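Asks: Chain by chain, the residues run as shown.
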Amino acid sequence: MPTVQVSTMTPVAVMVGANRIVQAAGIIHPLGNADLAPEDEKALRRRIVEQALHALRTEVTRPTVFTTG
Amino acid sequence: MDARPLRVVCYVNQYFGTLGGEDRAGLGPQAMEGAVGSARAVQQALGEAGTVVATLACGDNYAAEQPERAVAELVRLVAAAGPDLVIAGPAFLAGRYGVACGALCAAVQAELKIPAVTGMHAENPGVELYRRQVHIVSTGGEAARMGDEARRLVALGLTLARGETPGAPAVEGYFPRGVTRNVVTAASAAERATAMLLDKLAGRPFASEVPRPAFPAVPAPRLVKTLEGATIALVTDGGLVPRGNPDGVEPLNATRYGAYSIEGKTGLDAAQYDNPHRGYDTSWVKQDPHRLVPVDVARELEQQGAIGKLHETVYSTVGVATTLAHSARMGREIADKLREAGVDAVILTST
Chain R
391 MPTVQVSTMT PVAVMVGANR IVQAAGIIHP LGNADLAPED EKALRRRIVE QALHALRTEV
451 TRPTVFTTG
Chain A
-5 MDARPLRVVC YVNQYFGTLG GEDRAGLGPQ AMEGAVGSAR AVQQALGEAG TVVATLACGD
55 NYAAEQPERA VAELVRLVAA AGPDLVIAGP AFLAGRYGVA CGALCAAVQA ELKIPAVTGM
115 HAENPGVELY RRQVHIVSTG GEAARMGDEA RRLVALGLTL ARGETPGAPA VEGYFPRGVT
175 RNVVTAASAA ERATAMLLDK LAGRPFASEV PRPAFPAVPA PRLVKTLEGA TIALVTDGGL
235 VPRGNPDGVE PLNATRYGAY SIEGKTGLDA AQYDNPHRGY DTSWVKQDPH RLVPVDVARE
295 LEQQGAIGKL HETVYSTVGV ATTLAHSARM GREIADKLRE AGVDAVILTS T
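Chains as they are written, first to last, in our numbering: chain R, 391 to 459; chain A, -5 to 345.
No false leads were mixed into what you were given.
Think about it this way: if two alpha-carbon atoms lie no more than 20 Å apart in a straight line, the pair counts; the simulated PhoX-like pairs of lysine-lysine are:
| # | chain 1 | residue 1 | chain 2 | residue 2 |
| --- | --- | --- | --- | --- |
| 1 | A | Lys280 | R | Lys432 |
| 2 | A | Lys303 | A | Lys219 |
| 3 | A | Lys331 | A | Lys303 |
| 4 | A | Lys303 | A | Lys259 |
| 5 | A | Lys280 | A | Lys259 |
| 6 | A | Lys259 | R | Lys432 |
A partial selection of chain A residues facing chain R, derived with a Cβ cut-off under 7 Å:
| # | residue |
| --- | --- |
| 7 | Phe209 |
| 8 | Trp278 |
| 9 | Val340 |
By construction, these hints were calculated from the structure, which means they are not laboratory data. All of these numbers come straight from a predicted model, not from anything done at the bench. We put the CB at the ideal spot given by N, CA and C, even for glycine.
The shape of chain A in the complex, shown without the other chains (with noise of 0.2 Å):
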């Protein structure tokens, strides 16, 4: 390792800056010699091994309300530090100070090409925002163990200082970055199953080797009208389109969908449509579109009166090897469309 102490240089806010309180929570950017407020923490974790050469500070309204300002003006006093690491933080559940911890070790790395680490509570909103493109340790909701996590902090800082690759988040205590690595093993794939389903059943703890996306939860909105009242629209990702395909919706991975009028029609004519979805044998459905997309039923009922109005475009696409980022883009433009055509409830079908 090198025999130079590093020159490391902190970020923190109003208040880890003993600067004040909310009252001082506009103040702008500023730079402080040496370690102040939680720095010192930071100080003393590094030891021998660097030394605090300054302290930024701002205030975290100052960094909410004009979050590029703040940043192109901490990233300049970074530079004139010269540091060779920056740690921001710990910001633990503090929402204001935790993304602009966030949003500054990312434009440092970018613009400075200096690392930089963070730390913050799991349920930081800086987490979700910057854990892509910035290690960010995990810590606890407080300040109350605030030198173990800035020793934390620092290990990890030191080891991208060194230019060193940190080990596994898991390992190290740092938030998934969703970075994919190819390691070499003791173990095949085969024994570490096996030693994984050993553990589930005993009842021990063990680690999935594949992270599985996170489904925040939806809230349920309440159908205001009543059904007579209401309007309602047909949605598929069964992937019922014209004949022809005119959107050219894919057949797997979809990243289109298509809007297909139904007005005046009681029924789906089978040769009028087609099904490009390759996720499953779509036979049946081409035999009888409704099998898919209930027209004939909800016609009747729109009659009947049980509904107030069938809605006149059907949306369709392809759910089968769909992204998740697709799929959630999609869903919004739809709901958009829905919503400025006065759609008071959906039923989606799906295969």
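Okay, chain R solo, but in the shape it has when bound (with noise of 0.2 Å):
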């Protein structure tokens, strides 16, 4: 089954061969940032799951890394 990888460290999931990789907001807080308002964390966290959505409904053929605009 389709599979994304939300990681700060993408070189590494490139590396080991994950297909479909999302950027993440950091090793210590993949999906937050506690210098952020809670809100504005929320709101990252879901641009980066929506991300992931989007990557997994993406088709790729080798390790594709998505950032988060």
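Two independent chains are provided; combine them into the complex using the hints.
Replies: This is the structure we're talking about:
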């Protein structure tokens, strides 16, 4: 089944052959950022998860990194 | 070296034993006197050093369809010939033949304590199956240079038959067996690393002393449903566990994972969770578990219809200094459970 890896260290994910990779926000908080206000942090998390869903429905043939705009 | 010429037994398939083509692939194991078919190249390479006393042959299909029986019968034939060395193949890119060569060499070494060597192309499935147990010489894909390849098999075979330790795989031309051996080198690690760097900068070839694990390419499946109709699961290697860590997921070098229900939850209460992961500072994730496992926004997306369903079980393990073997096993087990539960796609969050 299709899987997307949300990871900060995207070069490692590419090296091991994960096919769908989404850039995370940091090692210590991949889907958050304690420096942001709670609502902004949640909005950031939502953007990352939406990007992960976008990656899941995108056809890929090799390790592909999706960045969060 | 021993003055007595070495007794060598060769193993070939029906084709290289000149017994026939695909139509004879069902032939059972048999012994022929002296060097027959491609074993003649082995005899030529041996020269005065040894004599091929027998050539054993077995059809590819017989060996592939009943491998245990074929190997047991062949081992009996080897024992009857009483050799000092067994040389199987070379099998080049022939898959059934390569697997049979590897299996026979492994069995001969283990059961008869007789050294054995084979040869095949890197992409022969026999390499991955047997290179850890058997010295497998790296050959080309086709039999065009049989004489040259046979000389390399014989050279390595003679080393083994003398009870000597072969040189490094890259030097002797066999596939690495995954054995680490201490050696004394003339140059220090710093000198060798500097020399390697200079080679790299100058565009010259160089070989790392630290082999990296190979990660085979995995095909990327397509999402067969629309997201609006799909069940999505959350998985993490970032170490989120319920307080008390009920499954005892290890803080590093993990061999275990947990399955945790989020049924009826619109979010994760930090007070109910913990994190044993010792590969990063977990303070921020403990403060708010959504920074690792985004149940809050995933549930919202479910309620808003952007995804069909959020799977009610989150799988979690610790990904730090975790061996490739355990990672692969846990991944397989989790994937099996998700498939059984009807999950369509996975979001894996990593630290």
